[in-house]
Every structure is written in structure tokens, then in C-alpha cells.
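Engineer: Okay, here's what each chain looks like letter by letter:
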Amino acid sequence: MRMLFILILIVNFSNAHAQENNLVADYTYTIKHEILPSATTVNSRLTANAFESHYEMDFVGNLNFIEEEAGVDGGSALAVKVKQNPIIYKDNQSKYIYSIERIFLKPFLVKDSMNIFNWKINENKKEILGYSCQQATVHYRGRNYTAYFTTEIPFQTGPWKFYGLPGLILEAESDDGVLKLNINKIAINTTTTTTTDIVNPYLDIKLQPISWDEYIIEYEKKHEEFKGFRDPNGGTISIPKRIIETLISDKYLSENP
Amino acid sequence: MVFFFFCINYTHAQHNLSGTITDAETKEPVKFVSIIIKDNNNTILSYTSTDIQGFYKINIPENHTEFFVTTSMLGYFPKTITYKLDTKSAPKYTLNIAVSQRTSSLDEVLIETKKPILVKKDTTVYRPNQFKDGSERHIEDLLSKLPGITIADNGSIRFKGKQVTRVLLDNDNLFDANYTIGTRNINPEIIEEIEAIEDYQKNPLLKGIENTEDVALNLILKKGKTDVSGEVDVGLGIKDKYDLKSSMISVSKKIKGFGLINYNNINQNQSPYNFSSNTFDLSKANELELRADNFLNSNNLNSIIPENYIGENKNLFGSINALSKISENTSIRINYNHLSDRLILQDFNKIDYNLSSNNLIITNASNQIKKPNVNVLDYEIINSLKPNQLLNLKGKLDYTIVESRLLTTNNNQVFNEVKKSEDFFLNQELNFTNKIDKNKAFQVLSNFSSNNIPQNFNLTNPTDENTIQQQIKFKKNTFNIQSKFLSKVKSSSYAASLGFYNHKSTLESSNNVFFTGYSNFNNTLKNDNSLYLDVNYEFSKNKWMFSLENRLLFSYIKITDNASIYKDKTIIYNPSFKSRYLINNVSSVYINFNINNQAPEIAKKHSGLIQTNNRYLQANNFNYNLIKNENLSLGYRINDFYNLFQFNSYVNFSKRNFDYLNNMFISEENTINISSIQELNNTSYRFGIDTEKYIHFFKSTFNLKTSYTINNYKNSINNEGLRDNINKSLFLNLDVRTGFKENLNFENSIIFQNNTFASSTNKKSTFTTFQNNFTTKYKQDNFWIHLDTKYFNPDVSTKSKGVFFADIMFNYVQKNKKIEYSLRVSNLFNTKSYIETNSSDLSTSTYSQKLLERYILISAKFKL
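Sequence order for the protein chains is A and B. Mapping of the first sequence onto our numbering: position 187 corresponds to residue 187, and the numbering continues sequentially without gaps. Count along the second sequence from 1, add 257, and you get the number used in our numbering.
Hints in this document: simulated from the structure, not taken from any laboratory. Errors might be hidden in some of the hints.
[Claimed, not checked] Pairs of lysine-lysine residues, derived as DSBU-like cross-links and limited to a Cα-Cα distance of at most 35 Å, are as follows: (1) A:LYS32 / B:LYS284; (2) B:LYS1075 / A:LYS161; (3) B:LYS695 / A:LYS241; (4) B:LYS1120 / B:LYS1036; (5) B:LYS1075 / B:LYS1107; (6) A:LYS180 / B:LYS695.
[Said to hold, decoys possible] Listed next, with one range per pair, are the computed distances between beta-carbon atoms: (7) B:SER844 / A:PRO201: 21 to 29 Å; (8) B:PRO318 / A:PRO201: 39 to 47 Å; (9) A:ARG143 / B:LEU889: 52 to 60 Å; (10) A:ASN122 / B:LEU367: 25 to 33 Å; (11) B:THR1033 / A:ASP250: 53 to 61 Å; (12) A:ASP250 / B:ASN632: 54 to 62 Å; (13) B:ASP308 / A:ARG143: 24 to 32 Å; (14) B:LYS1058 / A:ARG242: 34 to 42 Å; (15) A:PRO201 / B:PRO563: 19 to 27 Å; (16) A:SER254 / B:LYS1089: 24 to 32 Å; (17) A:ASP250 / B:LEU1080: 33 to 41 Å; (18) A:PRO201 / B:GLU369: 46 to 54 Å; (19) A:ASN122 / B:SER844: 18 to 26 Å; (20) A:ARG143 / B:ASN316: 37 to 45 Å.
[Claimed, not checked] Negatives, chain A to chain B, calculated, CB over 10 Å: (21) TYR89; (22) LEU105; (23) GLU173.
As the structure is a prediction and not an experimental result, all values here were calculated from the model. Quick reminder that beta carbons are idealized off the backbone N, C-alpha and C, glycines included.
Between the sequences and the hints, there should be enough to build the whole structure, so can you do that?
Structural biologist: Structure, rendered in C-alpha cells:
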């Protein structure tokens, strides 16, 4: 009996370790704002396990594979140097999404609650990277998005801020073509994934976390201030009403002409 | 009846399936489990997930009485249960599921597809539509509205305090340094977006190796159906005023071109060349060392009145610019500018000299017709011999003739003056760059230049038939070759170069002016052969930036002037040190120090007299010494764009150990300036604050600039001995700009300047000038009005009335933006002249200039 007890203990112990499931998925992140003629495309990496997911958009270049080459005319040298990649961190246990949102380049740490996506599942299906995926749509803060997810990969997360479908989101695009996320690599429980640690990058930084609503209030306040500013040549500053999410709502505009 | 009701309920009510998911072993509820309802085709119909109590509630899809319920959770095996709706339990259905933990992890998976080409793009991008308010006529107007960009009066642009050296068109350098031709004439409607490229490196091979403080603005054009666009601007007015302008821009894969022609007599000058005031000529910024001096053509006084009020012009300017990639590796750029103008300038000057011996009052009037004629050709050929080698051939030819006829007075005498000067300038550069690897590069740079300025001056006094005739021939030829090695290692970058240059200047002049003790001819030569070594080092890491630049010259200088000869070998060392520390991400402190030693220029070496107008003569006492200049600056800067606050405070100290001592002899007929190099230790101190803040309560932006300068300098009058002079100058400028949401907005600028002069031999003299500019702007849809009023009081202490100007402009743009109409009234109150009072250590003077009389101009602008 004692032997059996010890055996069960050992088996349980090894079971506990066997529960770690790690996912590393690379997506192409393309963003093309309405007024710009050109899009910016970078590689991005989603690292996830049962409790958290970490999504990094690689503007700095560590994850890029093709080096930029200077053209004969001088090329486009780097200007606003991004020192660190933007990261979106999702905590599945406490149900918060952490991200850095900016107002005119000043960063704010936004801790958003994980109840922002109200997905509607459709019957359409498509195959991506060999997985059978089903379509889901959502209206999120000003734009309509269409995503494809697969229950064959049971991680309830996805690229960027997307989460909450019963399987990994392999593709997500806004219907107006502004934001596009497409999977190009999946690795589950390989030797590289098991050695990748997921860390919340925002735990120790000096910025105090604020909620999305508090961020919007500050954004609206700055939008007003900038409109009144005049530089020596009569120019003013205008911050966009929406970047990806709508920041200055039509309702706000109608109340504050 | 009950059945019917029951049926209706059944078909319309939302049916839910709920339950609790528990762990099969521990019997504990499992949270965040996905619950999926699927049909026979494996299509998901609805889903939910369990809450922290393991409880779920899911909508049952309509028209399905049988479906599959699957659980999905990392760490647990998925479980699928076939569920049949049992109408007896309607509308609430229950399903509890127990799930088993996985004994092993998910299977290993590694799938990859071919990645698309990824492009990194990190530049500050401006979307013009966010900043336009519709009143922009040219790109310069739009650029001036972008945050971080400021534009000086001569059109030169600064971005975040750094000089913009190039304005590119779709990444092509069409205008090179003369970008005002483009920024002041291209229509902002064709611009899609504007990129500000910091650390702009003209030479693509040096990108990442050599740090620069240059900035380039890249104008990205809209891709439209036609690649040719242009505009025609026709303005006609009272009296006999016209402003005709036409410009065209053409963009295609192989060639980019821009052409402009302007003919006006409303004192507008579209060219970068300036002949009516002393504003710095942007086009010659890089050529100062290569050019000879022009004795006859400097304009005497700096006025605070804007250039376009002074005198009367008749200006024709044309410019053609083209850039073409003639092959895959070669591109060629050609720019040609032509200016011909006829300027009528009238001024009157009365100087009251307070000399210890006697008080002398000199009055001069001048009525001048000045005709400049400029032709400039610029070209550049860039050839990429190999992917890591670049050859650059650049040249400039500049032929300028200025002819002036003047009727002048000098106290009671009247003169006819005729001045003619030709300026022929040629510069040719050949540069070779080899990029050794990602961090190292090697260059060979060479250039050859030649500048020849022959000038004639004829001064006739009709009453006594005395004529002064003078010819000057001033030449400067330079040759320079250097090899340069650049390297970047982690946080530091180095550059070392070894070079040789020869600068040869000759000044030949002769006239028939007679003064005892001075000759009336010059045969002066300066030949400077120098071998030089430049070593530069820059370190930049975290919050520190530190840079050291050194130039060591081994020079053999020979100067001959009429009979005297000086020749010697000299070693000159010119270091420059800069450091900056970032206190946080909005503020920084900086310190700059440099020493500059220079051999004197030939224009200050000639011993024979040269006459430049009806009374002024200059010559020099020949003695040789290096002019040494030391400069120290310290500053503290805050750039908080987010809070719309900027603050810049600085302290500057500069000292000239050896400097030119001006020894002036003033009589009723002439002013003679004999300069010599002496150890004078002239110093100047400057302290300044510049701050800007937006205050939301007033919806206005406030800007305050103050500076206080103390200048210690020496001179001598009529051989009365060396005088120590102190000039203290206080400058104050307060601007307020409103930003109301309504259509009406205001701007007010107050400028106050106080100057005090004191001399060891004289009493103190002080004068104060005051200026107030008030602008009203009204905008409504396609229509705007600008009313500009300026008040100048050149000497507050004498209670002079001051002068008042007003300009008004109306502008209307058609809905389809094809035609724009404007009406302008300039100098509304027809102020005839502007009188300015000045004071210095030896005199008080009143200077008045005739202004462009009032005109009304109606113009229409058509976009082609």
C-alpha cells in the first residue's frame, strides 16, 4: 500500500510538470492608416501558456529576418527610434490586458479588463496552415473585425489584443483593411518553446496603471488643449481621433464642438 | 389555448444550457473552460466559458434539437457529449461535465510558411490634412504649421531646433541646398505626407557610420492620374502693379522636374539672392571660405523693417530644376536660376558725431538704381560604381553682374556714382566613398574653386568736375584634397582625415584718391599652403553625449602687399568640445567650447586706399597675427511637447584675443578707416531665456524671449588714442497667440530693445526701440481675411511718434479648389518712409528709408 502511495505521488509529480503547454506563434502585423498611402509591416510574436500570453510587435528588428538595405538616394534613415518593442500582455488568471497606449508620444500603462470582445461566430470556415478554422466577427471600439480561429489549438488567445475565442486566433483583420494579422509560424511544446519564459514586462515599471476609461478621459483633455495651442507660425497640434481603437468618440465631439 | 401559448413561448424564448464543469479527480470546479456547441459538420454554433466558480451558461442555437457539447481547456482532455434537447426541461437545460487532466502535454508542433518581405519604417510622419486650415498657399505655409518645425525669414527650416539641410521630393534631392525655390512655390495640395528624417545622411554609404545633426524633410507626393501639375498666378493692381507667376512640377519614373518663373514689382523676391538688405544669402552658406569679398556691394545698414517694404523692384526670376536617373547606377541633377532686377532705393542718413575735439554732423542722401543680373548653374552627378562605392561630381557656375547708378550727396556736395561689379564663381567637387564594412568607410574628397570679382567705381562731382575712378580686381582660387577614414564602434564614432589645401587670393586696385601717407594702389597677394589633420571623436551612450573635434594645421603663409612681405610657417590648433547630458526625457544640459585661430583675410591686409562710396575709404596697416576667437556656451533646455512647454536658458561667453582695431579718421569730406590687428581682448557676454507655454484657461500660447548682451570692444577715432567701449543690450519679446475654436483669432507680438553705449572718453548714450505687431485672422469655410498691423517706434526716449503700417489680405478658394482669388492692400496708410535712430559709442544717427507706396493687388491663381 505504501509503495502504491509513493508511486502515485511520483506519477502525480511528473503529471504536474506535464501540464505545461507552451505556444510560440509568429504573425505578420500590418497597419495602414486611412490617410497614409503606405503600410507598415513588421513581424510579431505571441508566446502563451495556460495562464498568460505575451505579444510583441517587432519594430526594433530583433525578430526581423531581412535587413534593411540603404538605397542609392540615401534611403529612409531611422528617425523616431523605437528603443523597445510594444508589448501586449494578457493575464488569464486575473483577467487583465496590459498595454502601453500613447497620447502624442507620452506613454501610459493601460490595464484593461478582459471583457472587451463580444465575438459572434459565423458558419464560414477556412483552412489556415493545415488547421480547420471557423470565422468570428466583432465590433471593437470603432471598427469591425473578422477573425479565424481553430479549436485544434486550445489556447484561448490570439495576436494583438484579441482573445476569448475557444481556440487560437490565426488570422484577424479589420474590415476596412487598416489592421491585418496573419499567422506564419506555430510552435507548440518544442524545445525552444519550453525554454521561453513569459514575463509580465509591466510589473516593475514606474508608470502607474490606469483603466481604459481613464486613458480616454486624459486623451480627450489633451485633444482639447492641443486644439487651442498655436506655434509662432500659427500652426496647431492635432492628435488623431482614432488610431486603431476610437479615442475621440462621435458622442464626445457632439457634446464638445 | 394553453398549448398554443406554450408553443409560442417555445419558439420565441432563448434557450440556455448551463452547468458546472468539475475536475474528474479532485472534484473541484474548473474555471475558464471553453464550452462549445457544434453541429454534425463540426461547425461551432455558439460558445462560452466557465466563470471562476466553474459555472457556464450557453445559448442553445435555434432549430437544433441535437448537438455536440465540447469542453476545451489547456491541461485537460477535451470531452464531447452528444446532447438531445428534452422538451420537458425547457427552457432551462442542465449539463454538468467532469473533465480529466491531461497526463501529458500537447503534441509537439512546428509549422512555418514563407514570410512576406518585411519593411521597417520609423520616421516622424506628418499627415498634412491634420494641420491644414486651408489658408496655405505653398508648402512653406504648411510646413510652418507642423509641430517641431520653425521657418526663418530667409526660408531656412529648423526641425526640433536642428537645421533642415535638404527638402526631398519623393526621396529625390531635386533642389539640393536651395530648397526655398521648392518650399515657397509648390502647391501643398499635391503632398500626401511629409517625413522628417533625423540623422539625415546625404551619402547613403555613410549611414550608420557617421553621425550627423542634419535633418531632411521628405515630401511624398500623391499618386495621381496626371504626373504633371502646375499653377498660374496672375495679379494686377493699382498703380501699375503686377505679380505674374507660373510654376510646374513633373514627376515620372525616370525624371523629376520643377520650373518656376515670376515677374513682379511688388517687392517679392522668389530667388534666394538678396540685393536690398543684409539678410544672409542661404545659397552661399557653404561657400564663404571660397569666395572673395565684394567691396562695393554690401548694404550699409541693418533695418528691422521687413525687406518687402523697402524700395521698389522690378524682378524677373526663373528657375529650372531637374533630376534624372539616367541608368541604374547613375543619377544627375541640374539646377539653373536666373534673376534680373531693377531696384530703386532711396535713403537719407544724418550722423551726429560726438567727438572730443568738435561735433561733426554729416548728412548723406542716396538715390540709387541698382540692377543685379544673376545666372547660376548647379549640377551633381552621382554614380554608384559598386554597391559599396560611390562617386560624386558636383559643380557650380555663378555669374552675377550688379550695376548701380546713384545720385548722392555728402553734406553740401552732390555726386553721380556709377558702380559696376562682375562676380564670376566656379566650384568643382569630386568625392569618392568606399564603404569597407558595416562600421567603416573611407573617402577621398577634393575640390577646386575660382572666384573673380572685377569692379569699377566712378564718382563724379558735376560742380568741380573732380572725378574719382577706381578699378579693383579681386581673385581667390582654392584647391583642396583630403582623405578621410570613418569608423563606428559600439557607442563611439571616430573620423580622421589628412588633407592639403592651397588658398591663393590676389587683390589689385588702383584709383586717383590722394591722401598723404597712403598709397592709392594695391598689389596684395596671400598664398596659404596648409597641410591639415582632423581628428574627431563622438561618444553617445544612455544619457551622455560627448564630442571632440580637432583640427591641426601646418601652414606656410606668404603675404605680400605693395612693398612689404611676410612669410612664415605656422602651426594652428583649433579644438571644439561639446557635451550634453539628458536629465530626463524632457530636459537636458549642454556645454560647448571651441577655439578658432585664423589667418587674417586679404581684405584686411591691403595698404592702399579703396573707396566704396562718396565718402568712405578703407586701408590697413600691415602687421601679421592670427585672429583668435574663444567661445564658451552653457545651457539648460526643457522640451516637454506633451505639456506644451519649452524652456531654454543659455549663457555665452566669447573672447577675441587678437582682433581688428578700427582707427577712424572723420572729417566733413571723408571717413577713413584704417584697421590693424592688435591684441585687444574684445569680449562679449550673453545671457538669455526663451520659453513657450500653452495655457488652456486662456486658450492661448505665450512665448517669452529675453536676452542681455554685454559687448566690450575697442576702437580709435582721429588718432586720439585707444578707447574702451561697452555696449549693453537688452532684448525682450513677448508673443501671445490665441487658439479659439471660433473663426476669429488674434496674435500679438511686443518687441522691446534697449541699447546703452559707454566709452572711456565719452558720456553714456542710450536708446530704446519698441515694436508691436498685431494680427487678426478670420476664417470661414473657403474664405479668410488677415489684417496685419505693425507699429515701430525707433526711439522711445525722444518721444517720436513712431510709424504705423497695416496690410490686409482677403482670400477665397473655389469649392473645387481649382481657382483661388485674393485681394491684397499693402501699406494701407501709405506710410512714406521709415525713420530709425541709432546710437553708438561715437555718434547718434537718424536713418530714413523710402518705402514701397501703397498698392492694391487683385490676383487669381489657377491650378493646372
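Engineer: Decide, hint by hint, whether the structure agrees.
Structural biologist: Hint-by-hint comparison with the structure:
1. A:LYS32 / B:LYS284: violated (50 Å)
2. B:LYS1075 / A:LYS161: The hint is violated at about 45 Å.
3. B:LYS695 / A:LYS241: Answer violated: B:LYS695 to A:LYS241 is near 41 Å, above 35 Å.
4. B:LYS1120 / B:LYS1036: Roughly 22 Å separates the two Cα atoms, so the pair holds.
5. B:LYS1075 / B:LYS1107: Roughly 38 Å between the alpha carbons, so the hint for B:LYS1075 and B:LYS1107 is violated.
6. A:LYS180 / B:LYS695: holds (34 Å)
7. B:SER844 / A:PRO201: 21 to 29 Å: Holds - the Cβ-Cβ distance for B:SER844 and A:PRO201, about 26 Å, lies within 21 to 29 Å.
8. B:PRO318 / A:PRO201: 39 to 47 Å: The hinted range 39 to 47 Å holds for B:PRO318 and A:PRO201, with Cβ atoms some 41 Å apart.
9. A:ARG143 / B:LEU889: 52 to 60 Å: For A:ARG143 and B:LEU889 the Cβ distance comes to about 56 Å; the hint holds.
10. A:ASN122 / B:LEU367: 25 to 33 Å: For A:ASN122 and B:LEU367 the Cβ distance comes to about 30 Å; the hint holds.
11. B:THR1033 / A:ASP250: 53 to 61 Å: violated (33 Å)
12. A:ASP250 / B:ASN632: 54 to 62 Å: At 58 Å between Cβs, range holds.
13. B:ASP308 / A:ARG143: 24 to 32 Å: For A:ARG143 against B:ASP308, whose Cβ atoms are near 28 Å apart, the range 24 to 32 Å holds.
14. B:LYS1058 / A:ARG242: 34 to 42 Å: At 56 Å between Cβs, range violated.
15. A:PRO201 / B:PRO563: 19 to 27 Å: The hint (19 to 27 Å, Cβ to Cβ) is violated, given that A:PRO201 and B:PRO563 are roughly 54 Å apart.
16. A:SER254 / B:LYS1089: 24 to 32 Å: violated (54 Å)
17. A:ASP250 / B:LEU1080: 33 to 41 Å: holds (38 Å)
18. A:PRO201 / B:GLU369: 46 to 54 Å: Hint violated: Cβ distance 26 Å, outside 46 to 54 Å.
19. A:ASN122 / B:SER844: 18 to 26 Å: The hint (18 to 26 Å, Cβ to Cβ) is violated, given that A:ASN122 and B:SER844 are roughly 54 Å apart.
20. A:ARG143 / B:ASN316: 37 to 45 Å: violated (25 Å)
21. TYR89: holds (17 Å)
22. LEU105: With a cut-off of 10 Å, A:LEU105 comes too close to chain B, as the shortest Cβ separation is near 7 Å.
23. GLU173: At roughly 15 Å from the nearest Cβ of chain B, A:GLU173 sits farther out than 10 Å, so the non-interface label holds.
The structure is inconsistent with the numbered hints 1, 2, 3, 5, 11, 14, 15, 16, 18, 19, 20 and 22, although it conforms to all the rest.
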